[in-house]
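With our numbering as the guide, the letters of the sequence shown map in order to residues 2 to 185.
The hints are simulated quantities; they were obtained by calculation from the structure and are not laboratory data. Since we're looking at a predicted model, the values are computed, not measured. Check the hints yourself; a few may be wrong.
[What the hints assert, rightly or not] Think about it this way: if two alpha-carbon atoms lie no more than 25 Å apart in a straight line, the pair counts; the simulated DSS-like pairs of lysine-lysine are:
no., residue 1, residue 2
1, K93, K59
2, K141, K93
3, K93, K60
[Unchecked claim] Simulated DEER-style distance windows between Cβ atoms:
no., residue 1, residue 2, range
4, D21, R156, 35 to 43 Å
5, R9, A54, 21 to 29 Å
6, A170, R16, 33 to 41 Å
7, P55, R17, 33 to 41 Å
8, L163, T11, 41 to 49 Å
9, L163, Q43, 30 to 38 Å
10, T121, K141, 17 to 25 Å
11, R8, F167, 36 to 44 Å
12, L175, E92, 31 to 39 Å
13, T11, Q168, 34 to 42 Å
14, T121, L175, 22 to 30 Å
15, A170, E92, 15 to 23 Å
16, L18, L163, 36 to 44 Å
17, F167, E92, 36 to 44 Å
For every residue, glycine included, the Cβ atom is placed at its ideal position computed from N, Cα and C.
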Amino acid sequence: MIATGTRRCTVEDYRRLPADDWRYQLIDGEIVLSPSPSFFHQRILMNIIELLAPYVKKKNLGTVMFAPLDFYLDDHNVYQPDIFFVSRAREKIIEEDGLHGAPDFVVEVLSPHNARYDLTSKRAGYARSGVEELWLIAPKAKTIDVFRLQVSAERAAASYSLGENFQSAVFPNLDVSVDGIFAR
Numbered sequence: 002m003i004a005t006g007t008r009r010c011t012v013e014d015y016r017r018l019p020a021d022d023w024r025y026q027l028i029d030g031e032i033v034l035s036p037s038p039s040f041f042h043q044r045i046l047m048n049i050i051e052l053l054a055p056y057v058k059k060k061n062l063g064t065v066m067f068a069p070l071d072f073y074l075d076d077h078n079v080y081q082p083d084i085f086f087v088s089r090a091r092e093k094i095i096e097e098d099g100l101h102g103a104p105d106f107v108v109e110v111l112s113p114h115n116a117r118y119d120l121t122s123k124r125a126g127y128a129r130s131g132v133e134e135l136w137l138i139a140p141k142a143k144t145i146d147v148f149r150l151q152v153s154a155e156r157a158a159a160s161y162s163l164g165e166n167f168q169s170a171v172f173p174n175l176d177v178s179v180d181g182i183f184a185r
């Protein structure tokens with residue numbers, strides 16, 4: 002991600018950005034431009050969507066989606082999580098222009114352009130807003146750090162590597178294979 006400008010911007014400034022093909026986020030009052038993700042980044046996202054979407058649909062749990070879609074956190078923060086899930090109980094937060102409230106679950110795939118935001122400002126913002134679970138995925142290390150944000154935003158509840166499986170607190174009885182997430 003490349004930060005643009007130096008003054009603290011608001012949601013209104015963000016909404017005035019041009020309707021172009023670039024992907025912008027507002028992070029702590031900074032307009033941040035995200036370059037196109039890598040193929041492997043997108044493959045990871047597809048693997049997760051292919052895992053979550055049928056599970057969520059079969060159990061009629063809510064909505065699972067992927068970027069770009071705005072999540073309006075406050076007047077100085079509008080994020081575009083790579084993947085998010087909104088439970089039926091929270092579906093009223095979904096509006097035509099994005100999410101106006103916290104999703105239950107968020108996935109962020111780290112890249113050289115976004116890692117510093119995802120690991121700090123955005124993680125704290127997700128915790129503040131009420132996101133229950135966050136997966137921070139490191140493609141190079143092939144690890145998944147799972148944060149239970151309402152317990153601790155500072156320390157991962159668990160970290161998983163190749164060869165391991167785990168279950169999410171948000172998706173009970175769904176077996177998540179780390180190898181499956183990183184499969185090419």
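Legend entry - Hint check, failures only: Per hint list: 2, 5, 9, 12 and 17 violated.
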